[in-house]
Amino acid sequence: MSTRQLRKLERQRELEKATQATREEPKDSDEEDELIQPAAKPRASLFAALGGDDEEDQDDEDEEDQVPQEPKQASPATEAPLSSKKSKKKKKKKGKKQASSTTDATGIPPEKAGTDEDEIDKAIKELQLDTNAARGSGGHEINTRRRINELLKINTYHLKAVNEMRNLFGREAMEAADAEEGQEQNRRRRGPVQQQVDLETFLRGTPGAKRLPEITLRRNLFIQGRDHWPRQSAGGLTMKEVQKVADGSWTEYTFCHDREYDTIQTTFFALVQMGDPMRLVYLLKECPYHISTLLQVSNVAKQDQNMALASELCERALFTFGRLATSSFRQNIEQGTARLDFRRPENREFWLAGYHYIRSLVRKGTYRTALEWAKLIYTLDPKDPYAMRHLIHFLAVRAHESKWFIDFMKELEQTSVDRDLAYIRQTLVLAKLQIGETEEAGKELARGMQEVPWLYCALFQELNLDAPPSIWGISSDSDSRSFWVKLYISKTKDLWNNTQAMGLLKTVAKSLERVDATGLPSDDAPADQGATRLAYLDGDTSLLAVAPRELLEAQPNYEFDPLPPAEEDNIFSTESMRLPWQQQDARQRGPTQEMLHQMEQLLGRRLAAAGAAAGADAGADSEDEEMRRVELEDDEELRRDLEAHAARANEPGLIGTLLQMLGVARNGQAGERAGESDGLLDNAGTGDEVPGSWPDDDDDGDRNR
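Going left to right, the sequence shown walks through residues 0 to 704 as numbering that gives the first Met the number 0 numbers them.
One should not assume that every hint holds.
Here are the computed lysine-lysine pairs in the DSBU-like style, where the Cα-Cα straight-line distance is at most 35 Å [claimed, not checked]: (1) Lys490 <-> Lys509; (2) Lys159 <-> Lys301; (3) Lys284 <-> Lys409; (4) Lys301 <-> Lys209; (5) Lys284 <-> Lys402; (6) Lys209 <-> Lys382; (7) Lys505 <-> Lys490; (8) Lys509 <-> Lys243; (9) Lys382 <-> Lys301; (10) Lys152 <-> Lys243; (11) Lys490 <-> Lys409; (12) Lys243 <-> Lys284; (13) Lys509 <-> Lys382; (14) Lys159 <-> Lys382; (15) Lys159 <-> Lys7; (16) Lys363 <-> Lys159; (17) Lys505 <-> Lys442; (18) Lys301 <-> Lys363; (19) Lys490 <-> Lys382; (20) Lys209 <-> Lys284; (21) Lys509 <-> Lys492; (22) Lys442 <-> Lys402; (23) Lys152 <-> Lys363; (24) Lys409 <-> Lys509.
Listed next, with one range per pair, are the computed distances between beta-carbon atoms [said to hold, decoys possible]: (25) Lys382 <-> Asp515: 33 to 41 Å; (26) Glu171 <-> Glu439: 15 to 23 Å; (27) Ser415 <-> Asn154: 23 to 31 Å; (28) Asp476 <-> Arg548: 16 to 24 Å; (29) Gln413 <-> Glu285: 46 to 54 Å; (30) Ser572 <-> Glu199: 31 to 39 Å; (31) Ala565 <-> Asp515: 40 to 48 Å.
Bear in mind the hints are in silico, worked out from the structure with no lab data behind them. Every residue gets a Cβ at the ideal spot worked out from N, C-alpha and C, and that includes glycine.
Turn these sequences into a full structure, and let the hints guide you.
Encoded structure:
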């Protein structure tokens, strides 16, 4: 017989002996003993029959009296091998662990039991307080913000257009395009020296110059940098954290200008007042990462019909912002909790660069990247100063993010009371069609035709369809309503122009009865400043015709800061950012006699220079040399004054003279350097230079020395 069977027989005999001993014990007449004894005594004898020291048996009996067990649990315990002391010690430890996990009745010290109870009560109270706070108005607002933040989380992968291009065309096609571009650049470098170069070639810089490190180009938060961008710093532009709310729902940041950057900003504003785009191009050559200059020269490139360069300059501006981003800002961007205050002029440049970049992405057809940027700009300020909501709705359908847009609209309708949401909501019809919910799309369309019938009447006309009797003749009869109608149709007309959408339009419109417009609002709220700013930047003349005139005609208004808030609503951190408003005050006061005299002299010199240029012989070498010499002296004089202004901020120089003419500088400095100003402005250039037309390379080299 095997050892295993012998052990099994031995355990059975021990169990029989233990059972028999239990039956032979005397019974008392006390009822309590009869109730307690059968439950506790058999287990004590069972464990005692398994062998061991008397002390261990006594401990086991005490523990079992404290922790009642059901009889079914005894059999598996007796089936375990008990021939070694190691197994018996494990049983003892297990019993002690069970005893330690019981309540006060199991022998836990009162102090410990009281402490655990206090901690539990404390936790319950805290949960109740949190629940009550969440039910209150403040808690509801916090929960709403958190839901919006959850929807507006930014995936930094989708912020870079190169990733979407790879997904659309494949990695091999993108690598082939990059290789072709590199070969084209090499041919330009090895080719003959051109006497005139275009704006893009001039801004690329000299071949062989030092470039930014590869890690800087690839790990940028917003934009993947380009190899030919110059290797320079941001020039004094930084970022800092302003404040963080206690509930963690948002954290505010801001961009900052140091003294060096403020000087460049002052120079930039003075050159804008001169109205010569070539000056700005030269300034960008010297300061390749100055945001305002990048955006202004980008507009110059658009006027030169160079949309690729215009987009690249916007990318460089956003790349500069990405170089400044802190790790906490990146984390908050990804969580949808980062905020920028639009009232700070330094921050508004990010909105402007982002808007122009979105337009370039739409032209390329990279709608997924454009949507991610629109979400980012929208979440930076809950007031939506650039009306990104009017871009998000159609970009979401273009990018096949309809499910996300449906959830976004639900939250937006709960948190906003803007009347224009009634128009944005109509894109839900297209979103539900895209995800296959045709029946729900039809219900949404019927509801929309009853709420804004004038919108669908105009949409039928834009699609060259006959308006059905249910909405025929219902049109927008005010500028406010016409603005929202035109804005919506301009963004979504192409989305509705397909067989499925137009078929649903016809079917639903015919099934409806005549819409009673008398029960609808007589008019819509006028466009806010954000929507007006969006229309202004789009440049749609039909839309601008019905935009609020008081907003469009507000001053100051520059391309580098379109339709800014009123002066008292701004937060100025540097003097250079006040210059647009100070110049506006000077214009309202009117020109002084000194300014009129200087302007008269300047106008006379301009006319004389124009007459001399008209009667000159274009082929005379001597006159060409004279013009080159004048331009060279002009640039040397300009550089000398700019350096003097940077070194001596309190002295006028060229910038001070220009600001005096604009009425910005102190009256005591007016006319101090009038003679120097006359000489400088005499050579300031006639404005005949056109972007894309450049002097000889030898002269360019002299200028850049």
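Status of each hint after checking the structure:
Distance check on the hinted pair: lysine 490 and lysine 509 sit about 25 Å apart at the alpha-carbon level, within 35 Å; holds. Under the criterion of a C-alpha separation no larger than 35 Å, the hint pairing lysine 159 with lysine 301 is consistent with the structure, at around 22 Å. With a C-alpha separation of about 48 Å, the suggested pair lysine 284 and lysine 409 falls outside the 35 Å cut-off, and the hint is violated. A threshold of 35 Å between alpha carbons decides the hint, and for lysine 301 with lysine 209 the separation of about 28 Å falls inside it, so the pair holds.
Taken as a hint, the lysine 284 and lysine 402 pair is broken in the structure, with Cα atoms around 46 Å apart against an allowance of 35 Å. Taking the CA atoms of lysine 209 and lysine 382, the gap is about 42 Å. The hint is violated against a cut of 35 Å. For the hint pairing lysine 505 with lysine 490, the CA-to-CA distance comes to about 21 Å; that is within 35 Å, so the pair holds. Distance restraint check for lysine 509 and lysine 243: the Cα-Cα separation of roughly 54 Å exceeds the 35 Å cut-off, and the hinted pair is therefore not satisfied.
For the given pair, lysine 382 sits about 30 Å from lysine 301 by alpha-carbon distance, which is consistent with the 35 Å threshold. Proximity of lysine 152 to lysine 243 is assessed by CA-CA distance (about 18 Å); at most 35 Å being required, the pair is judged to hold. Only pairs whose Cα atoms come within 35 Å are accepted, and lysine 490 paired with lysine 409 is accepted, the gap being roughly 21 Å. Restraint check for lysine 243 and lysine 284: the C-alpha separation of about 38 Å exceeds 35 Å, so the hint is violated.
Distance restraint check for lysine 509 and lysine 382: the Cα-Cα separation of roughly 39 Å exceeds the 35 Å cut-off, and the hinted pair is therefore not satisfied. Distance restraint check for lysine 159 and lysine 382: the Cα-Cα separation of roughly 26 Å lies within the 35 Å cut-off, and the hinted pair is therefore satisfied. Between the alpha carbons of lysine 159 and lysine 7 the distance comes to roughly 73 Å, so the proposed pair goes past 35 Å and is violated. Of the pairs offered as hints, the one joining lysine 363 and lysine 159 holds, with about 13 Å between alpha carbons and a cut-off of 35 Å not exceeded.
Between lysine 505 and lysine 442 the CA atoms are separated by roughly 14 Å; this keeps the pair inside 35 Å, and the hint holds. Using a Cα cut-off of 35 Å, the hinted pair lysine 301 and lysine 363 holds, with the two alpha carbons roughly 16 Å apart. For the proposed pair lysine 490 and lysine 382, the alpha carbon gap of about 21 Å is at most 35 Å, so the pair holds. Between the alpha carbons of lysine 209 and lysine 284 the distance comes to roughly 15 Å, so the proposed pair stays at or under 35 Å and holds.
A C-alpha spacing of about 21 Å is found between lysine 509 and lysine 492, which places the hinted pair at or below 35 Å, so the restraint holds. Proposed proximity of lysine 442 and lysine 402 is supported: the alpha carbons are some 17 Å apart, at most 35 Å. Between the alpha carbons of lysine 152 and lysine 363 the distance comes to roughly 24 Å, so the proposed pair stays at or under 35 Å and holds. Of the pairs offered as hints, the one joining lysine 409 and lysine 509 holds, with about 28 Å between alpha carbons and a cut-off of 35 Å not exceeded.
A beta carbon spacing of about 35 Å between lysine 382 and aspartate 515 agrees with the range 33 to 41 Å that was offered as a hint. Hint check: glutamate 171 to glutamate 439, Cβ distance near 41 Å, so the stated range 15 to 23 Å is violated. The hinted range of 23 to 31 Å is satisfied by serine 415 and asparagine 154, whose Cβ atoms lie roughly 24 Å apart. A C-beta distance of roughly 18 Å is found between aspartate 476 and arginine 548, which places it inside the suggested range of 16 to 24 Å.
Judged by the Cβ atoms, the range 46 to 54 Å given for glutamine 413 and glutamate 285 holds: they are separated by roughly 51 Å. For the pair serine 572 and glutamate 199, the supplied restraint of 31 to 39 Å holds, since their beta-carbon distance comes to about 34 Å. Distance hint check for alanine 565 and aspartate 515: the Cβ-Cβ separation is about 42 Å, which falls inside the suggested range of 40 to 48 Å.
Consistency note: the structure conflicts with the earlier hints numbered 3, 5, 6, 8, 12, 13, 15, 26.
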